[in-house]
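Trainee: Chains as they are written, first to last, in this note's numbering: chain X, 229 to 469; chain F, 4 to 221.
Derived by calculation from the structure, the hints in this document are not laboratory data. Check the hints yourself; a few may be wrong.
[Unchecked claim] Calculated lysine-lysine pairs in the BS3-like style (CA-CA distance at most 30 Å, straight line): (1) X/338 x X/231; (2) X/243 x X/296; (3) X/243 x X/231; (4) F/218 x X/346; (5) F/192 x X/338; (6) F/218 x X/357; (7) X/338 x X/296; (8) X/334 x X/302; (9) X/296 x X/246.
[Claimed, not checked] Not close to chain X: a few residues of chain F, all C-beta gaps over 10 Å, as computed: (10) 11; (11) 18; (12) 32; (13) 40; (14) 69; (15) 140; (16) 181; (17) 189; (18) 191; (19) 202; (20) 206; (21) 208; (22) 215.
[Unchecked claim] If you want a taste of the chain F side facing chain X, the calculated C-beta under 8 Å gives, among others: (23) 86; (24) 90; (25) 94; (26) 132.
These figures come from a predicted structure and were not determined experimentally. For each residue, glycine too, the CB sits at the ideal point set by N, CA and C.
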Amino acid sequence: MIKIQDVHKSFADLKVLKGIDLDVKKGEVVSVIGGSGSGKSTLLYCINGIEKIQQGRILVDEIDVHAKGTNRDKLRQRLGMVFQQWNSFPHLTVLENAMLAPRIVKKMNKKRAMEIAKEELNHVGLGDKFDEYPTRMSGGQQQRLAIARALAMKPDYMLFDEVTSALDPELVGEVLDTLRMLRDDGMTMICVTHEMAFAREVSDKVAFFHEGIIEEMGPPEQVISNPQKETTQKFLSKVLH
Amino acid sequence: MGMSFFTPLSWNDSGFILTGVLNTVYISVVAVLIGTILGLAMGFLRAEANRFTNTLLGGVLDILRSVPLIIQLILFSTYIGAMGHPLNPFVAGSIILSLYTMAFMSEVFRGGFESVPQSMIIAGRSLGMSYWQTVVYIRLPIGMRAVFPSWLGVALSVIKDSALVSVIGYMELLRTSEQLISRTQQPLKILIGVGIFYFIISYPLSLYGKYVERKMAI
Ligand SMILES: Nc1ncnc2c1ncn2[C@@H]1O[C@H](COP(=O)(O)OP(=O)(O)O)[C@@H](O)[C@H]1O
Ligand SMILES: [Mg+2]
C-alpha cells in the first residue's frame, strides 16, 4: 500500500504540492487528472524518491520513502515508472533494454534475466522484436518496451506519467491496451493521464489535481461523470471538448 | 669531389626509419590512451561539477589547449632539466602530449556526457540503478557513441602533432628523417616518404570515422 500524507513540495519559492493526502491500496488503479503544472508529475517523482519533499511523508509498504536511512535505490525496485517520453536506451537492443536492470540492479544471472525479459516483452506484444534496436521502432512500441523494462524488475506498483501524451493518436490505443492488461493482472497503478475515457473505464479512484492540491477525489462515476467542484467541471469541460 | 661526404639513402637505412616509425606510433598510442583516460575523467567532472570548479578546470584546460604544443614541450623539458631532474625525451614528450590530448579530449567527452538527456538518467534511476550505474551503463555508452567521430579527430591530430616531440630530442619519424636528410641530402624523397606514412596511418582512420558517423546517423 502507498500512503501519501500531507505532502508538501516546493522548487525554491515555487510551491508545487500543498498538502497531498492519498492512499493507494494493493490492486487499486488510481488515476490522477488535472491541468498542466498542477503538480501531477512531481507527485510521482516524490513517491519514488527522485524528488525530495519538505513536509509530510510517503509510505510504501510502510517504508518511509524520504526518511534518512531509507535505501531509495532498493525501494525503487518496487516502484516501476514509465514516462511521457519512453527513454529507450538507444545503445541496447529491445531484449537488452529489458535485461539491463535485472542484471545490474538485481545481479541476476544472464539466463534468468533473459527469461524474465522475454516473458515481459511477450506480455506487451514485443515478442518478435528482441533483437531490434528501439530507435527503429514506433513510439507505441517503444512505450510498450518501457513498460516491459519496468515490469522486468517485478515491481509491486507502477507509476505512469502521461504515457500516451507524446504518441501519435493512432498509437495511443496499443499502449492503453497494455495498461488495461496490467490492470487485469491485478497490478497496483497510479496513472497520470489526460485520457478521460480511459480513466473513467479503468480507475477505482480518480484524483483531480488543481494548483498543488487534490481538489476532488472519488470514484470515476463521480469525479469524471458527475464532478461536484466547479474547478473540476471547468477542467473537464476543457479537456472533453 | 665533396660528394663523397654524403651517402645516399639505401636499404641499410630501413631499420633506422622503422625505429622512427615505431617511435611515432608508440608515443601517439601512449598519448591517445592516457589523454583519453584523463580526458574522460576531466570531461565527466566538467559535466557534473558546479560552476566554480568548472571555471577553474576550464581555465587550466584552456591554457593547455591554447599554448602551442611546441612551446609546452620546450618549456617543460628545459624546466625539468634545470630543476635537476632531466627526463628522457620519451617520458617528457609523453607527459606533455598526453596532457595536451587530455585537454582536447575533455571537451569531447564533456559534450558526450551532456548529450545524454536527464530524462534517460531518471529512467535508469527509476529502475533502481544507482547514480554510478547510470554513469557506467547509460551515460558512458550513449555519450561515447555520440562523440566517437570527434574523439577520432582528436586522436588523428595527436598522431600528427607527435612530430613536434622531435624538438626535445625524441627519435620519432620526423627527427629520424631530419638526420637522414642531413646525411643524404635527399630531402624531397625522404619528406615525401614521411608524408605518405602519416597519410597511410591517418586516412583509413578518418574514413572509418566517417563510416561510423554515417552509420549512426541512420
Ligand atoms: N525540477 C524542477 N525545478 C523547478 N520547477 C519545477 C521542476 N519540476 C517541475 N517544476 C514546476 O512545478 C510545477 C508542477 O510541475 P509538474 O509536476 O510537472 O506538473 P504537471 O505534471 O501536473 O504538469 C510546474 O510549475 C513546473 O514548472
Ligand atoms: Mg507532468
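Trainee: Determine for every hint whether it applies to the structure shown.
Mentor: Comparing the hints with the structure gives:
1. X/338 x X/231: violated, 35 Å
2. X/243 x X/296: holds, 23 Å
3. X/243 x X/231: holds, 21 Å
4. F/218 x X/346: holds, 28 Å
5. F/192 x X/338: violated, 58 Å
6. F/218 x X/357: holds, 21 Å
7. X/338 x X/296: Cα-Cα ~34 Å, so violated.
8. X/334 x X/302: Since the Cα atoms of residue 334 of chain X and residue 302 of chain X sit roughly 9 Å apart, the hinted pair holds (cutoff 30 Å).
9. X/296 x X/246: Given pair residue 296 of chain X, residue 246 of chain X holds - Cα atoms ~22 Å apart, limit 30 Å.
10. 11: holds, 55 Å
11. 18: holds, 45 Å
12. 32: For residue 32 of chain F, whose nearest Cβ neighbour in chain X is about 26 Å away, the distance exceeds 10 Å, so it holds.
13. 40: holds, 21 Å
14. 69: Residue 69 of chain F is indeed farther than 10 Å from all Cβ atoms of chain X, at 34 Å.
15. 140: violated, 6 Å
16. 181: holds, 46 Å
17. 189: For residue 189 of chain F, whose nearest Cβ neighbour in chain X is about 51 Å away, the distance exceeds 10 Å, so it holds.
18. 191: holds, 49 Å
19. 202: Holds: least Cβ distance 33 Å, greater than 10 Å.
20. 206: At about 28 Å from chain X, residue 206 of chain F clears the 10 Å cut-off, so the statement holds.
21. 208: holds, 22 Å
22. 215: The claim holds: residue 215 of chain F sits with its nearest Cβ about 13 Å from chain X, beyond 10 Å.
23. 86: Nearest chain X Cβ about 47 Å off; hint violated.
24. 90: Since chain X brings no Cβ nearer than about 41 Å to residue 90 of chain F, farther than 8 Å, the hint is violated.
25. 94: violated, 37 Å
26. 132: Nearest chain X Cβ about 6 Å off; hint holds.
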